[in-house]
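In order, the protein sequence lines correspond to chains P and A. All letters in the first sequence, in the order written, are residues 1 to 221 by the working numbering. All letters in the second sequence, in the order written, are residues 1 to 105 by the working numbering.
Misleading hints may appear alongside valid ones.
As the list claims (entries may be wrong) - Below, computed lysine-lysine pairings styled on DSS-like, alpha-carbon distance capped at 25 Å:
hint : chain 1 : residue 1 : chain 2 : residue 2
1    : A       : 71        : P       : 88
2    : A       : 68        : A       : 97
3    : A       : 68        : A       : 57
4    : A       : 68        : P       : 88
Just so you know, these hints were derived from the structure itself, not from any lab.
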Amino acid sequence: MIPIPDLDQIERRTWTRYAESGLTDLLLGAILFASSMAAVVLRTDLPAPWPLVVYFALAVPFLLVFLGLQRIIIVPRLGRIRPGPRAKARRNKANIVAFVSMGVTVLLALLTVGFQGHGFDGSRSEVALARVASPIVMTASILLFFGLTAYILDYHRMYLIGILYAVGIGGIMLYVIEEFDAGIAAAAAAVAFILIMGTVTLVRWTHRHPIPAIGEERYAQ
Amino acid sequence: MPNESYIQSLNDLDRTIHEPARLMLMAFLYVVEAGDYAYLMSETGLTWGNLGAHLNKLEEAGYIEIEKGYKGKRPNSMAHLTPAGRAAFQAYRQSLKQALDSLPE
């Protein structure tokens, strides 16, 4: 007797199968690397826009390479789908979580950078906000963002990536705010861990998923 | 001994869908709006020849439609369930569930 297909499990696979490749891990590692490099530039005497310039000069090519690799490696192996209503709802939830969490993170980053520049009079409340509250809230928002996204998308490696991101961003903030050099080393270690994990996962995944031989022209006739 | 309703439920099963490869194809297409051949091959493990044959049968039954298209210069056709296909798959699941539920412990 044929078992009844478990549609929930099949629907979940339409999401998780893309995350299984490890390519998203590589993009996230590369973005953290770009943030680390921007922090290093922030500590130099270069004028204000340079950290942002460095960040985007690294992050945008990384994103383009990711999209290219996705087209070359992932799509030929897994194919294309138009997601169903449940998958779309799941994606929308993830987008809302990402939007809110990223908004909070960016706001805190801007506040922190602002305190490093003009207007920081060194009052106790501002020092407390810059040195204690901002890093804690930022780290918490990162953990919340990655945790919720991992839960919504069933992307279990993202829990670990979230912890590594929290370590990395926390390290970067310590490096920038407190001039604590070990902070950037922590960020570098987090980047290295994510990139190695993503590379190993991707290599193993490509071995397990050869490109299927498709003679589509013949069927189309 | 299986009772009468169990036998009746088995008799009601849609033979077009009941074949394991076609059941897989229907299930994978049921959860998405549409999927291309690479998606169906990677998920079901069917070869290109088998996939084409089973898709033909489902298309002849009116359960799926093939949208023939291109991505760049490469053919990229997408398959999707028709409303009749969705209804037939739901009815099949219901019948199979009834049949299995009727089995003695």
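Hint check results:
no.	hint	in the structure
1	A/71 <-> P/88	22 Å, holds
2	A/68 <-> A/97	35 Å, violated
3	A/68 <-> A/57	17 Å, holds
4	A/68 <-> P/88	24 Å, holds
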